[in-house]
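Engineer: The hints should help you fit chain B onto chain V, whose structure is shown.
Number of protein chains: 2
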Amino acid sequence: MDNLSVGIIRVFTTEDQEITNSHGNKIEETYNIRCINKCIHQQPKGIYDEESETKAIPKIIELAKEFENHHKVSCIAISCAADPGLELVRNEVSVPVVGAGSSAAHMAKTVSQKIGILTIANEVPQAMTRILGDSLISWRKPSAVNNTADLLKGYAIENSLATAKELMRDGAEVIVFACTGYVTIGFGDILKNKLGVTVIDPVETEGNALSFILRGE
Amino acid sequence: MDNLSVGIIRVFTTEDQEITNSHGNKIEETYNIRCINKCIHQQPKGIYDEESETKAIPKIIELAKEFENHHKVSCIAISCAADPGLELVRNEVSVPVVGAGSSAAHMAKTVSQKIGILTIANEVPQAMTRILGDSLISWRKPSAVNNTADLLKGYAIENSLATAKELMRDGAEVIVFACTGYVTIGFGDILKNKLGVTVIDPVETEGNALSFILRGE
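Sequence order for the protein chains is V and B.
The numbering used here applies: residue 1 is where the first sequence begins, and numbers increase by one.
The numbering used here applies: residue 218 is where the second sequence begins, and numbers increase by one.
Read the hints as simulated data drawn from the structure, not as lab findings.
Glycine included, C-beta positions come from ideal geometry on N, C-alpha and C.
One or more hints might be untrue.
Here are a few chain B residues that sit away from chain V, every Cβ distance over 12 Å (derived from the structure) [stated by the list, open to error]: (1) E232; (2) Q234; (3) T247; (4) P261; (5) S360; (6) A361; (7) N363; (8) K370; (9) T380.
Derived pair list, reagent style DSSO-like, types lysine-lysine, alpha-carbon separation capped at 27 Å [to be verified]: (10) V:K114 <-> B:K289; (11) V:K114 <-> B:K282; (12) B:K289 <-> V:K194; (13) B:K382 <-> V:K72; (14) B:K411 <-> B:K331; (15) B:K282 <-> V:K192; (16) B:K289 <-> V:K165; (17) B:K255 <-> B:K289; (18) B:K382 <-> B:K409; (19) V:K114 <-> V:K165; (20) B:K358 <-> B:K331.
Chain V side only, calculated, beta carbon under 8 Å to chain B, not exhaustive [what the hints assert, rightly or not]: (21) H106; (22) A156; (23) I213.
Next up, chain V with everything else stripped away, as it sits in the complex:
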């Protein structure tokens, strides 16, 4: 697996290389995969509505082609829980492409039929609900958490823990993050330690799928 690398697409723009690399670093540590991390251009706020998604998709496709043609990666991940452009990217490149959202939803369904989603928005990505179907028994958003930046505020961990407890009261046996921001704040480990619940983290499942593909190369 030593010579193989994967391309990690971040669907926003930042000049901060540490932020750009954060998902890839987690995947490298967990699965020993060499990751090349890149952001799409000129979209510092990322994807937050239909218009911003429409604007982002051609850039995601362009970046995927660059990963395949220039960096010669073995596979590509679109590292966002909403899987923006997944099907379109698959039509444009020949290497396997994984989306963080669908990888998380599929892993959740593989291990449980009683799934709760922790999100930051007033809706759950279709990329996840389509797959989860009847197994999605509840989804909730912590109070005063409305975007990724809110997850960095002092109260975010406490509020998110309270919401996770509610998901468990609703009957959820596993909790899926519908935003990779929960990964950034290390909320998966907190949740496992405090509540002992199975956590499905989209960056981890994305890495798991990439690792599965590479093992077969």
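Structural biologist: Same frame as chain V, now just chain B:
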């Protein structure tokens, strides 16, 4: 992960410990998980029709309870591509339960939308088709291969390779085994080496899901 073990349920009866352990051994080698392997009782022909499935399911549930209560396993796998009794077992034990068939179908969907199934029967397990939906673009059975025993015959590899090529001509980008018998004959490696196609092996995906769960324990 050292003290954690998983229970592997084989849905047929054999006195041959090497055969009983074969799936668990593969999972141990690939994922470094301690597996306890057990067969259901008094069903040497396994599951081959509705009646034999109905007969097997209470035994699968009983074995799952034994794994949880006596062996104190951390999770359980029903190691058959048809996932017999999966939902019922989940209702009866408190540890996570994985089915080989659904784990393979979910991994296939995670990495591709153009999926071919290689089977040994005249149908594909519902446990797989339900998940694959429109992404299942073709399924085929090698000529003169009608049961697991046929896979051990001299011609089986050659016929199966010919059928895999047909699946690729149909447009399949990944090939999923709908029978764990293909795993037993090591056909995954042959297929990857000869045709360079991504192969989804239900024992490997089952092990991958178990490994994912244990990593969170």
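Engineer: Could you run down the list of hints and mark each one as holding or not?
Structural biologist: How the hints compare with the structure:
1. Residue placement check: E232 (chain B) keeps its beta carbon more than 12 Å from all beta carbons of chain V (closest about 32 Å).
2. Even its closest Cβ contact with chain V, about 27 Å, leaves Q234 (chain B) beyond 12 Å, as expected for a residue assigned away from the interface.
3. Non-interface call for T247 (chain B) relative to chain V: violated, since the shortest CB-CB distance, roughly 8 Å, does not exceed 12 Å.
4. Every C-beta of chain V lies more than 12 Å from that of P261 (chain B), the closest at about 30 Å, which supports listing it as non-interface.
5. For S360 (chain B), the non-interface assignment is confirmed: its Cβ lies about 26 Å from the closest Cβ of chain V, beyond the 12 Å cut-off.
6. The claim that A361 (chain B) lies off the interface holds: its Cβ sits roughly 27 Å from the closest Cβ of chain V, which is beyond the 12 Å cut-off.
7. Every C-beta of chain V lies more than 12 Å from that of N363 (chain B), the closest at about 28 Å, which supports listing it as non-interface.
8. Listed as outside the interface, K370 (chain B) is consistent with that label: its C-beta sits roughly 26 Å from the nearest C-beta of chain V, beyond the 12 Å cut-off.
9. Residue-level check passed: T380 (chain B) sits 19 Å from the nearest beta carbon of chain V, beyond 12 Å.
10. Between the alpha carbons of K114 (chain V) and K289 (chain B) the distance comes to roughly 22 Å, so the proposed pair stays at or under 27 Å and holds.
11. Of the pairs offered as hints, the one joining K114 (chain V) and K282 (chain B) holds, with about 20 Å between alpha carbons and a cut-off of 27 Å not exceeded.
12. Using a Cα cut-off of 27 Å, the hinted pair K289 (chain B) and K194 (chain V) holds, with the two alpha carbons roughly 22 Å apart.
13. Distance check on the hinted pair: K382 (chain B) and K72 (chain V) sit about 26 Å apart at the alpha-carbon level, within 27 Å; holds.
14. At roughly 20 Å between alpha-carbon atoms, K411 (chain B) and K331 (chain B) fall within 27 Å of each other, so this suggested pair holds.
15. Pair hint K282 (chain B) plus K192 (chain V) holds up; C-alpha atoms about 25 Å apart against a cutoff of 27 Å.
16. Restraint check: the Cα-Cα separation between K289 (chain B) and K165 (chain V) comes to about 26 Å, which is no more than 27 Å; the hinted pair holds.
17. Proximity of K255 (chain B) to K289 (chain B) is assessed by CA-CA distance (about 14 Å); at most 27 Å being required, the pair is judged to hold.
18. Of the pairs offered as hints, the one joining K382 (chain B) and K409 (chain B) holds, with about 12 Å between alpha carbons and a cut-off of 27 Å not exceeded.
19. For the proposed pair K114 (chain V) and K165 (chain V), the alpha carbon gap of about 14 Å is at most 27 Å, so the pair holds.
20. Distance restraint check for K358 (chain B) and K331 (chain B): the Cα-Cα separation of roughly 18 Å lies within the 27 Å cut-off, and the hinted pair is therefore satisfied.
21. Of the supplied interface hints, the one on H106 (chain V) holds, with its beta-carbon coming within about 4 Å of a beta-carbon of chain B, less than 8 Å.
22. Among the interface hints, the one on A156 (chain V) is violated; its C-beta lies about 21 Å from the nearest C-beta in chain B, farther than the 8 Å criterion.
23. Restraint check, I213 (chain V) versus chain B: the minimum CB separation of about 6 Å is within 8 Å; hint holds.
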